[in-house]
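A.B. asks: The lines below spell out each chain.
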Amino acid sequence: MGKKNIYWKGFEELNEQSEIVKNLENNEFVEKLPVGNSEGDKNHNRRDFLKYAGFSTAAAALVGCEGPVIKSVPYVVQPEQIIPGVANYYATTIADGYDFSSIIVKTKAGRPIFVKGNKDAQSMNCTNARINASVLSLYDIYRLQGPKVSGKNISWKDFNLSVKADLDRLLSENKKVVLLTQSFASPTTEKIITDFTKKYSNIKHVVYDSISNSAALDAFQNSYGKRALADYDFSLSNTIISIDADFMSDWQGGNYSSGWSKNRVPNKGNEYTMSYHLQFESNMTLTGANADNRVMAKPHELKQALQSIYLNLRNQKYNGPSLGPYLDRYVKLAVDSIKKSGKKAVVISGLDDVDSQEIVLMINELIESDAFNIKSPKLIFQGSDKDLLNTIDELKSGKISGVITAGINPSYSLPNADEFSEILNKLEFSLCFTMKEDETAMNSKYLAATPHYLESWGDYEFKSGDYYLSQPTIKPLFDTNQFQDVLLVLSDSEYSFYDEIKNNWRTNILKGKTWGKSLQDGYYYSYDNISPKRIKSNLNLNTLSSSNDGDLDLILYTKTGLGDGQQSSNPWLQEFPDPITRVTWDNYLTVSYEDAERLGLENYNVSNGALNGSYVNLSNDNFSIKVPVIIQPGQTPGTVGLSLGYGKTQAMSEEMNVGVNAYRFYDDFKRVHKVKVTKVKGDHEFACIQLHNTMMGRDEIIKETSYEEFIEEDKSVWNPTVMVSKNHIETKVTSKEVDIWREFDRSTGHHFNLSIDLNKCNGCGACVIACHAENNVPVVGKEEVRKSRDMHWIRIDRYYSSEDTIRGDVEAKDGTSGFREYRATQTKLEKASANPQVVFQPITCMHCNHAPCETVCPVAATSHGREGQNQMAYNRCVGTRYCANNCPYKVRRFNWFQYSDNDEFDYNMNNDLGKMAINPDVNVRSRGVMEKCSLCIQMTQKVKLDAKKEGRRVKDGEFKTACSESCDDNAIVFGDINDRDSKILKVKDGDRTYRVLESIGTKPNVIYQVKIRNSKKI
Amino acid sequence: MSSHYEAPIRKPLVLGDKSYGDISNDIARPIETPPNTDWWIAFSIAMAAFLWGLGCMAYTLGTGIGSWGLNKTVGWAWDITNFVWWVGIGHAGTLISAVLLLFRQKWRMGINRSAEAMTIFSVIQAGLFPIIHMGRPWLAYWMFPIPNQFGSLWVNFNSPLLWDIFAISTYLTVSLVFWWTGLLPDFAMIRDRAVKPWRKKIYGLISFGWSGRAKDWQRFEEVSLVLAGLATPLVLSVHTIVSFDFATSVIPGWHTTIFPPYFVAGAIFSGFAMVQTLLIIMRKVSRLESYITIQHIEMMNIVIMITGTIVGCAYITELFIAWYSGVEYEQYAFLNRATGPYWWAYFLMMSCNVVSPQIMWVKKIRTNIIWSFVISIVVNVGMWFERFVIIVTSLHRDYLPSSWTMFSPTFIDIGIFIGTIGFFFVLFLLYARSFPVVAQAEIKTILKSSGENYKKLRDK
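Protein chains in written order, with my numbering: chain A, 1 to 1018; chain B, 1 to 460.
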């Protein structure tokens, strides 16, 4: 580069003295231009008149056409690190009392817009739907925008003075105050709270986890003397026995599915390992849906099974109530598998009684489980049910005069929330640190507006020795102060929270790593590697009952979408379909077929396909509530499930106010309760995005094989090449002969493929939300979802088997002959089995090389990219919807209405604050156009341009999509198959590769890996 | 072209003791007399329906296609059903005027004018749907291959929707020209009879200066023949191309090679039924029993019966092929059509289109006006459901069961459909009072050969 070519303009240039050349150098034009002097020139002629008239008319018309004025303020001084169009990334940490993860935040023009797991961190680096969606909660218009006293806005200075005066008075009168907070797992916060309670000795700190982990914490404390949770690394075990532990969702803080998925694909190279996962449970959970064998049992049977497993392992006899033959067989299978695997086995449990949790710890110790980690246990939850119940009793009896809450919403999440609110309302002193004017805030006097975690500083010790830092990724949007900063002010400290963290880390935590580096990384590790000593060796094994008084067992659970409910005004999460039921915008009672029939409950589809369900009255001794019903295949008869986290009413828009508050049933913070269920009149309208639950025995959608078959047989048995008939000759679908298209040369440049491994995908849906955030996918609301108009670019189809197994469905379908039998079989296949096998299948646009959508668009708005993508030119689309009709995968989404800036769709894209979450690299689609997955073309283009600027080839692994990036289980692999060393090429050429509906000949660029089931038959 | 002799065995096509003057009087009467109350009532109802439909279209335009009952799985339903239905109805006109002209079927002369008018009016209705069903109808002109300044953007010649545009616009143009050519001598007749100067002026203008010279007649005959030749392939091509919208797709139930002949037969079937409906009323209201005779009605009934049978054959062939193909999606698509949640639509289609025309084998029924009228309505209901069944039941359950859903129309869907029916009748009612509704010039050419009184004279 660098050398500038100079072109000759004429021979005259040879003559150096030429005047023309000199003139040319000085003037652009050699001769004077015939421009008239407009001021004094009176020789306007007819043509001038026409020109002026034309110009003025056009100008006047243009003024009339002017679009709406959008005010924007330019930077007066451009911030150094913000370059328009270039993203900045910050490592930080989320710890909101329910989700705990080290994350990377992408900011664009100073706005955080995307959250992903911090893959450099060794542990606690996974994200889920809630963490991915948390970026939108930052821009919630219902946030509290500044401190308030008794409903009036006030300055922070006055606020602090007023609070301090009150606290000093309470101290001098020696009146008790409770500081009720979430689990912070933060060393510096702990220090600050200690200093604070030292100064105000009348203040007692009590930790309240809205979803209690107290049983497991107590068990660990009883056994090892430390209040913590054992950690598990499932990648080190090949037998996983889970008794009601939903470890793929939020069990004990989550972060487990990535370890599980590492051991789920048998390598056909030297060793053929694949873990065996046996799940005993009552509700149909995400984990149970992914298990190799799933055993349905009632809660008390689960305890018995666990005890029986333990005693069998010790070669002792189980003397409790009989398990029955069904459960007995599986207990035996569990014991045999554990014995066979030895150290490679692990047992976990989600039962919320201390005895069971102690048994689990004992079993893992007994078998010396590799996966079992107590050297560095989890510290993320600290709450104790006993302390909390005591505190509430004290509150009731009036012994406490003041309450300070932080990071929690007890007026919503306590079982006796109304009573609590009443007490809170009457208290002498109530201070609420909150982001929202929620139920608790409404009943408190002082409201301290706190920032979102993306605007905050923080430090954490999630596991012993695992330290994390969080840093603000944006200047606080509102007049907020962190809880810790306010405590410091109240404790008369001259330091800020940031100073305290820095000091604390420098003096107490960091050894050999600088503060700056730790902040950049977001984590710091320092293990002491000492196993805690067991302090209790006898187990309580004699408290089992088999009592069954005919009432149903209610099992409360948390959903993958909303969790404990603190983000329930997040439209992405409300519209997120539950992985199991695929219902959005609701919670509901899950009921088994058997109980539904007995109680006369039904689910049915109305004329536009939408799902309706009966209502029931759910009641215990002191409370009753009207709940809609979903009949759930796999629900243990005699049990019903209801999710927590819904039914919040304050600080959110009307549309978000959905579901019922199940915390009312969370008595004593136990998940299981006896309830009465009676049918009541009326039907509930659900917004369910999958209305048909089985695969109808179709074997081209999801291919699966058994572990044994996978190892013993050739690929042609379990993943045969698809054949189609040409002139009555069976021909490979890949052969040129059955191809009616002229292929163009794809060997140069990039050619993108996306592979989805059905063995690793557990259906958690983190990718769905990641795609929402990256691609500005609109939220359409309950009514529209109910009309089957959801807009998700990636969806996770969930199918139940109709026979006992998915393969059984295929065999049932293939085995029919004659119309009558065919019809009867097809009708039967529509209904899911009572304890079905479940499969999850993420579906995006398949980016077919022979795309049916491309040929039918009359205006060529959708056409094939040079790199394999099927592209959508939104501004060319006229909206005939022909492409969507002709898509065999039904992945195209139409903008039925204007979803942004429309009061009918009052979600994040209808207010300026919510719009800050919009990714500026992707446009917001207007009404009347078709949209769909683009394979995150904005991300691949960025990678290409960066490589080009740096003058290098793109490295493997650089190409990513939002979904592949958000998949902690590495189920989604994306890359360039023209890169011979790429991972995607290896995956694509692997034996397990197949394409959905290959016989149609669409030749998709999205490929799938055959699912392998390690199910054992007894 | 036509001799004055016709075999005595043939039944007369013009009944009663009609002279040339009588014919002129009969045809000109509706134009020259003010409309009666019945006409006004009918016109008001049609106008109200039309306005309602306009309102629904405006609402759609204002808010979005979401006001219809469509969803992510069923992207077309009433819109394209109505489109195909109206295009199908249009087919009878061209068949009657062009194909029957080439085959020298003189009975066509009594009905061709109205049949062609119906064609044009229904193609106008059909043409509305591809425009209003778009997400962004204000960009409808992008569907035409117009040289533009958008860069190198051009239409996609692979798309059947584009073929539709060519097919429909060609069809509309040729039909209109054909219709108008036939109208010229008749307009001239009205012009010549007109007493009011403005009427004389208007009819003079639209008769393009027809003078009735021998040269005019010669050219008239030539042009008619040429246009008939041009229009005949259109009878086959238009609905063939409309069927390509479905046949070239990959959706089970759409992807069918039988569609072109099946659609053409269905179109003629429904078109004749509509002609029947309209003419049975019109011959009564406008007192045209002498020109549109029971024989005409019987002839049309025979066409309806034959095309209905062809359509029935196609339905059964589809079922057979679904089974014979061994393709599971195809098999399920047809099982679902017949026994799935939309079984009632399939049942209506089968009973209206296949069973009901079969009773026309009985001569008493096919020469009975009430029966003919009822069946003509039944057939059009059935043909609407045929398109609904093809479009909706194929889409609502295709390959991946996860996307299966249902369709239910909103009042906007229904309103727009009723609006087009209203619009159609508005046009037709106006036509009935301002256009010569029977091709009187042509009728006059056969009066001496096929007129009842002349036949009687010959018999004596």
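It is worth saying that the hints were derived from the structure and are not from the lab.
None of the values given here were measured: they were computed from a predicted structure.
There could be a bad hint or two in this list.
[Said to hold, decoys possible] Selected chain B positions facing chain A (Cβ under 7 Å, derived; list incomplete):
#, residue
1, Trp-142
2, Pro-145
3, Asn-148
4, Ser-224
5, Leu-225
6, Val-250
[Said to hold, decoys possible] Every beta carbon over 12 Å from chain B, so not counted as near; a handful from chain A, in silico:
#, residue
7, Ser-322
8, Asn-605
9, Ala-610
10, Asp-683
11, Ile-701
12, Tyr-707
13, Val-780
14, Pro-858
15, Arg-876
16, Gln-898
17, Gly-928
18, Tyr-994
19, Gly-1001
Backbone N, C-alpha and C fix where the C-beta goes; we use that ideal spot for every residue, glycine too.
A.B. asks: Now look at each hint and say whether the structure bears it out.
C.D. replies: Here's how the hints hold up against the structure:
1. Nearest Cβ of chain A to the Cβ of Trp-142(B): about 5 Å, under the 7 Å cut. The hint holds.
2. Given the 7 Å rule on beta carbons, the hint for Pro-145(B) is violated: about 10 Å separates it from the nearest Cβ of chain A.
3. Below 7 Å, beta-carbon pairs count as interface contacts, and Asn-148(B) has none with chain A, the closest being about 11 Å; its hint is therefore violated.
4. At its closest, the beta carbon of Ser-224(B) sits 35 Å from a beta carbon of chain A; the interface hint therefore is violated under the 7 Å criterion.
5. Because the beta carbon of Leu-225(B) sits about 35 Å from the nearest beta carbon in chain A, more than 7 Å, this interface hint is broken.
6. A least Cβ separation of about 5 Å between Val-250(B) and chain A falls short of the 7 Å threshold, and the interface hint therefore holds.
7. Listed as a non-interface residue, Ser-322(A) keeps its Cβ farther than 12 Å from every Cβ of chain B; the least gap is roughly 41 Å.
8. Look at Asn-605(A): its CB is around 7 Å from the nearest CB on chain B, not clear of 12 Å, so calling it non-interface is violated.
9. For Ala-610(A), the shortest C-beta to C-beta distance to chain B comes to about 8 Å, within the 12 Å cut-off, and the non-interface label is violated.
10. Its beta-carbon lying about 16 Å from the closest one in chain B, Asp-683(A) satisfies the requirement of being farther than 12 Å from that chain.
11. The claim that Ile-701(A) lies off the interface is violated: its Cβ sits roughly 6 Å from the closest Cβ of chain B, which falls inside the 12 Å cut-off.
12. Distance check on Tyr-707(A): its Cβ is at least 26 Å (rounded) from any Cβ of chain B, clearing the 12 Å threshold; non-interface status holds.
13. Non-interface call for Val-780(A) relative to chain B: violated, since the shortest CB-CB distance, roughly 9 Å, does not exceed 12 Å.
14. Not every CB of chain B lies more than 12 Å from the CB of Pro-858(A), the least distance being 4 Å, so the non-interface label is violated.
15. Not every Cβ of chain B is farther than 12 Å from the Cβ of Arg-876(A); the closest lies at roughly 7 Å, contradicting the non-interface assignment.
16. With 12 Å as the threshold on Cβ separation, the claim that Gln-898(A) sits away from chain B is violated: the shortest Cβ distance comes to roughly 7 Å.
17. A Cβ of chain B approaches the Cβ of Gly-928(A) within 12 Å, the least distance being about 3 Å, so the stated non-interface status is violated.
18. The claim that Tyr-994(A) lies off the interface holds: its Cβ sits roughly 15 Å from the closest Cβ of chain B, which is beyond the 12 Å cut-off.
19. In this structure Gly-1001(A) is not separated from chain B by more than 12 Å, as the shortest Cβ-Cβ distance comes to only about 9 Å.
Of the hints listed earlier, those the structure fails to meet are numbers 2, 3, 4, 5, 8, 9, 11, 13, 14, 15, 16, 17, 19, in rising order.
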